[in-house]
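Same order as they appear, the protein sequences are chains A and B.
According to my numbering, the first sequence is numbered sequentially starting from -15.
According to my numbering, the second sequence is numbered sequentially starting from 126.
For the record, the hints were derived by calculation from the structure and aren't laboratory data.
There may be inaccurate statements among the hints.
To be verified - Facing chain A, according to a computed beta carbon distance under 8 Å, are these residues of chain B, among others:
hint	residue
1	Q130
2	K300
3	K303
4	A378
What the hints assert, rightly or not - Okay, the calculated bits of chain A under chain B, using three or more residues with CB under 8 Å as the criterion:
hint	segment
5	13 to 26
6	171 to 183
7	210 to 222
Computed from a predicted model, the values in this text were never measured in an experiment.
We treat Cβ as the ideally placed atom computed from N, Cα and C, and that holds for glycine.
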Amino acid sequence: MDAVKPLSLRIAKGEWLALVGHTGSGKSSLAQLMAGLTSPTKGIVKHFGRVWNYPKDLPIEIRRRIGFLFQFPEHQFFAETVFDEVAFAAKNFGLDNVQDRVKESLEVAGLSFDQFKDRSPFTLSGGEKRKVALASVMVCDPEVLILDEPSAGLDGASKKAFWDWLRDYSKEERTVIFITHSLEEAVTAERVLVLSNGTLLFADSPREVFSHVNTLRRVGLEPPIATEISYELRKRASFPMALTVEELVSALDGDL
Amino acid sequence: MVVGQYIPTDSVLHKALAESKIVMTLFLIIGAFISQSFAVLAVLFGALVLLMLVSNVPLRFYAKSAKTVLILALFTFVFNALLTGQEVLFRLGPIAFKTEGVIVGVFFGLRLFFLIFVSTVLTATTSPVDLADGLNNLLRPLELLKVPVEEFSLIMTIALRFIPVLADEADRILKAQKARGLNLSGNILQRVEKLVPIVIPLFVSAFMKAEDLAVAMEVRGYLPGVKRTKYKVTKFEGVDVMVFAFTAVVFVASYLLRGRWVLTW
Chain A
-15 MDAVKPLSLR IAKGEWLALV GHTGSGKSSL AQLMAGLTSP TKGIVKHFGR
35 VWNYPKDLPI EIRRRIGFLF QFPEHQFFAE TVFDEVAFAA KNFGLDNVQD
85 RVKESLEVAG LSFDQFKDRS PFTLSGGEKR KVALASVMVC DPEVLILDEP
135 SAGLDGASKK AFWDWLRDYS KEERTVIFIT HSLEEAVTAE RVLVLSNGTL
185 LFADSPREVF SHVNTLRRVG LEPPIATEIS YELRKRASFP MALTVEELVS
235 ALDGDL
Chain B
126 MVVGQYIPTD SVLHKALAES KIVMTLFLII GAFISQSFAV LAVLFGALVL
176 LMLVSNVPLR FYAKSAKTVL ILALFTFVFN ALLTGQEVLF RLGPIAFKTE
226 GVIVGVFFGL RLFFLIFVST VLTATTSPVD LADGLNNLLR PLELLKVPVE
276 EFSLIMTIAL RFIPVLADEA DRILKAQKAR GLNLSGNILQ RVEKLVPIVI
326 PLFVSAFMKA EDLAVAMEVR GYLPGVKRTK YKVTKFEGVD VMVFAFTAVV
376 FVASYLLRGR WVLTW
């Protein structure tokens, strides 16, 4: 059984990409291929324009340039203090100014350096843990950030804050690829990749992808509520496709 | 991790009771230990090959486990070959292989191979739950001595059940720390130190899982020391007679041949 079936894909620098699919669709495997954490049994994966022989001569520099946040990243904590946890990657990659980097990445993730640096990462709240985990990846200033279900297990408010933060972060020429099984979260992406049973079904703008409501439902994905409502309305009269609640409201306003 | 993995197929051996297979494995292992005879080893290997074929488990599964065992067996062989005996058989540079050592090494290497493979056949053809259940039934007499057999077998079941879960978890943690630049090369001491970022999260997750499991079991009414009935009632059947007959034949043959082609040094 292949986790990911043959597919061809090119990701441009600075893209903001969502990778969606039901559980077991192969999205995590694809993401790990993108990150160079596994090698394909067939075919090739190029990172930054060239093929690296995994894992033998995948240079540590490539690892540094691609940040990977696993699902529930706080499950990988091991250090005694938040500082050590965040500094781990920076030290491994032999970066200089570790202290400044840790400070900056903690602040970027939204945690006060002085307040948190000496605390044990195990005693933090769920949201704080996630921020420390993010900081521990960002500390190396990766050009590509791959996140596996980054908002899983966060409460509503933390979730929203997280996505706002991520969108800001991605504006600086960074490539961000995030995995999610919620199409609601994928709406904001520039491009949405839909995987089902290892096959790439769509790789297009959210508007294009979400217009295939029936196909999405068939592969176990729930379109955003606004899209579903506008989809049902379109059956009766001409009605524009809405991706978000705002779009739906303004479309309805136009009708009234 | 191949040793200990269950490979479900519909072979005769899979249908036999776990109890029968445990007894068989036990006797075959005893057979391997009653003497240091190459003849016995040959008989046992014959039996092993037969079991492997009957088990209907793809031979490439056994081949895969052979790779890991081979290192262990080679280690045993080399140690014996270098350290046992006087007479030099051949030299590899400054290293002298002794005649007796080579023979002893071959014997112990093969015996190790046999032990591991015969256990692999057992675990490959018996699901972990059945295995623990079977062991539980075999140890039942110990309850008279106030040994908590039921609890013991539950611990076994859980331990076996969680091997693949923890293996997956370890793989994920390893990848996550690699993504953060962990490089596992270096000498043994350095490597041990580098395992800390893998071992600690693994322990944390194991404890969390244990806690969740304990609560889940209590919620569903688990109480230690209570008499339990079985969902699946097992019966001693024709296959089990076959397993016992096979065991008896191999064991008796091993016993009778114990004096032939004995290892001497």
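Here's how the hints hold up against the structure:
{"no.": "1", "hint": "Q130", "verdict": "violated (17 Å)"}
{"no.": "2", "hint": "K300", "verdict": "holds (5 Å)"}
{"no.": "3", "hint": "K303", "verdict": "holds (6 Å)"}
{"no.": "4", "hint": "A378", "verdict": "violated (43 Å)"}
{"no.": "5", "hint": "13 to 26", "verdict": "holds (count 4)"}
{"no.": "6", "hint": "171 to 183", "verdict": "violated (count 0)"}
{"no.": "7", "hint": "210 to 222", "verdict": "violated (count 0)"}
Hints 1, 4, 6, 7 from the earlier list are contradicted by this structure; the remaining hints agree with it.
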